[in-house]
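Q: Listed below, chain by chain, are the residues.
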Amino acid sequence: SWSPCGQYLASASFDGTTCVWKRQQDGFEVVATLEGHENEVKSVAWAPSGTLLATCSRDKSVWVWEVDDEEEEFECVSVLSAHTQDVKHVVWHPTLQLLASASYDDTVRLYREDDDDWLCCATLEGHTSTVWAVAWDSSGQRLVSCSDDRTLRVWQRQDSEGQGSGSEPSWKCVCTLSGYHGRSIYDVAWCHLTGAVATACGDDAVRVFEEVTPVSPMSPVTFGLAAHVARAHAQDVNGVAWHPREPGLLATCGDDGDIAFWQYQRPESL
Amino acid sequence: NVVEQVRVKVNDAESTVSVEFTPTIPHCSMATLIGLSIKVKLLRSLPDRFKLDVHITPGTHASEHAVNKQLADKERVAAALENSHLLEVVNQCLSARS
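Those protein sequences? They're chains A and B, same order as listed. Quick note: the first sequence, position 106, residue 106 per the UniProt record's numbering, numbers continuous. Quick note: the second sequence, position 24, residue 24 per the UniProt record's numbering, numbers continuous.
Bound conformation, chain B alone (with noise of 0.2 Å):
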């Protein structure tokens, strides 16, 4: 169980939807691939209208700058999802059922 709560925002209208989360440990090293999981899962899921932010919940995290400025680079996330071994993991993370 590596998030507490994940919180979701959603405006239709304007087309945005916000995901933010909390990973249980301040240091977590999981933190960039749950993120890069949540949203690989919205890109999945939502119409392309929707423009997607997910982050960290503000002071849950050490480096939580430095991950939520992976997750909003969308050419990084790109070419992170090239990646076939990576692309497996974030699939096996998706796939998963507690």
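Chain A on its own, in the form it takes in the complex (with noise of 0.2 Å):
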């Protein structure tokens, strides 16, 4: 994970460390190594202050870490063990100190911060295997989530209205894509920029849907599938991100060990 300033990237490894590098003139050196996690760290994630860190692991819980002010000093601040097994992603919310974690308990759970310490303050229940990765649209109302059970889903808040002050707003699923992935789904992608959700699946393919605009206010929330390419990678895709100034730009890896770059256009037709 890149930090904001673009100056720093966190990586999370299987050794139960995760490095954080520092961009120099002809390359990159590490000025600091978080360790704690039991097992495996499954993804690291920079908050969008740049004054945070998260990291998850095989041993089912989330860590919070704070960056110091000269940013080499990483100090853990909160050990979240709210899943009951491995947690697979982590991802800050775009603008709130708000966390988001996908795990292999077929949930998604989001965190806050409560006075000194943080706090699970939901957890969005629906998917029936594995949750591999989560995404935020670029507003935050609204996070899609992509699973072994090879469905998407989307969540949007929910106003806290009528339910007293103080109270945690509350998360639903308004849409859930089924039937369009072969087999799992291991990352999911949301452009700021054009609103397009992009997936990499284990059936080899990519594929980017669009929300198709509401008749009215009342409509139920639906999206459609702009883009399939079937054969993106020879093997699974594990990983998809949009560029994020260039629209259309879409990266993937896959276990073939190849990096694909994509140009999409929204069709049409939609």
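Nothing false has been slipped in among the hints.
Calculated lysine-lysine pairs in the DSS-like style (CA-CA distance at most 25 Å, straight line):
1. B/K41 x B/K74
2. B/K41 x B/K51
3. A/K60 x B/K69
4. A/K60 x B/K74
5. B/K41 x B/K9
6. B/K51 x B/K69
Quick partial rundown of chain A residues pointing at chain B, CB under 10 Å, derived from the structure:
7. R183
8. S184
9. D203
10. D236
11. D255
Derived DEER-like restraints, expressed as beta-carbon distance ranges:
12. B/L94 x A/S11: 28 to 36 Å
13. A/E66 x B/N11: 50 to 58 Å
14. A/K172 x B/N83: 35 to 43 Å
These are calculated hints, taken from the structure and not from any lab test. Where a beta carbon is used, it is the ideal one built from N, C-alpha and C, also for glycine.
Assembling the complex is the task here: the two chains are given apart, and the hints tell you how they should meet.
A: This is the structure we're talking about:
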């Protein structure tokens, strides 16, 4: 995960550590090694504020680390053990200090800071198998999760009006996309420029979905399949990411050892 | 003799292989190890294009859902095989001849 300033890169490893690399003139150098997880670290995410890092592991926990001003000292400020199984992925909300995690226990959990500690403020249930990844939309009002159950689920933040002040916002699954993916969906990315959702699937394909403009505010949320490359890779596609500034530019990676770059254009028929 | 039968389905055109095995004892604690050994043997023997599915014959094991889920999770399998002790046990399972 890149730091927001672009000078640092954090990497998570099966050896149980997370390394933080600093950009040098001729490459990168390790400036910190974060230890503590009991086994493989599956994912690391740098918060948009630049002051927090999150890691997660097969040890079922999510750790939140604070970065000091010098940016080279990291302190663990919370160990969150809300999940009951391996945690596969962590990702920060685009603007708030809100963290999402995806797990082998089939749920997505959200965490926020409360006083000086962190707590799990929501559990999103609905998937029937491991959730491999989650992605936030640009507004932070929605997130999308992808699963071994071969579906995508879109969750929307519900207003907490009528529940009294100080109550947690709740999240509702407003759309489930099934029947499109042939095998486990390993990654999902939500483009903050265009709103397009891309997926990486174990059936070797890359797909892009776009929201179908609702007829009225009361219509259900629907997404349509906008693009499908059946053999994007020679094996499972494991990762997908949209370029943050160039609309339509997509990167994917797979078990075949390749990284592929794609140019996507929204079809006029949609 | 820990496995009664193994049912194999191959679809070459779709590049899929499915192996179903029946532990002899419904609570057999070796089920995960057996399944993992089968999976490793397939991984080492078949071309990369094949999608592998190794699972317990439905209704024949008390924890079949949990075992099947582990075997289907390629990240878990990869991590398990990085454990040198477990890898050695798997290799021993695969090298034994009846």
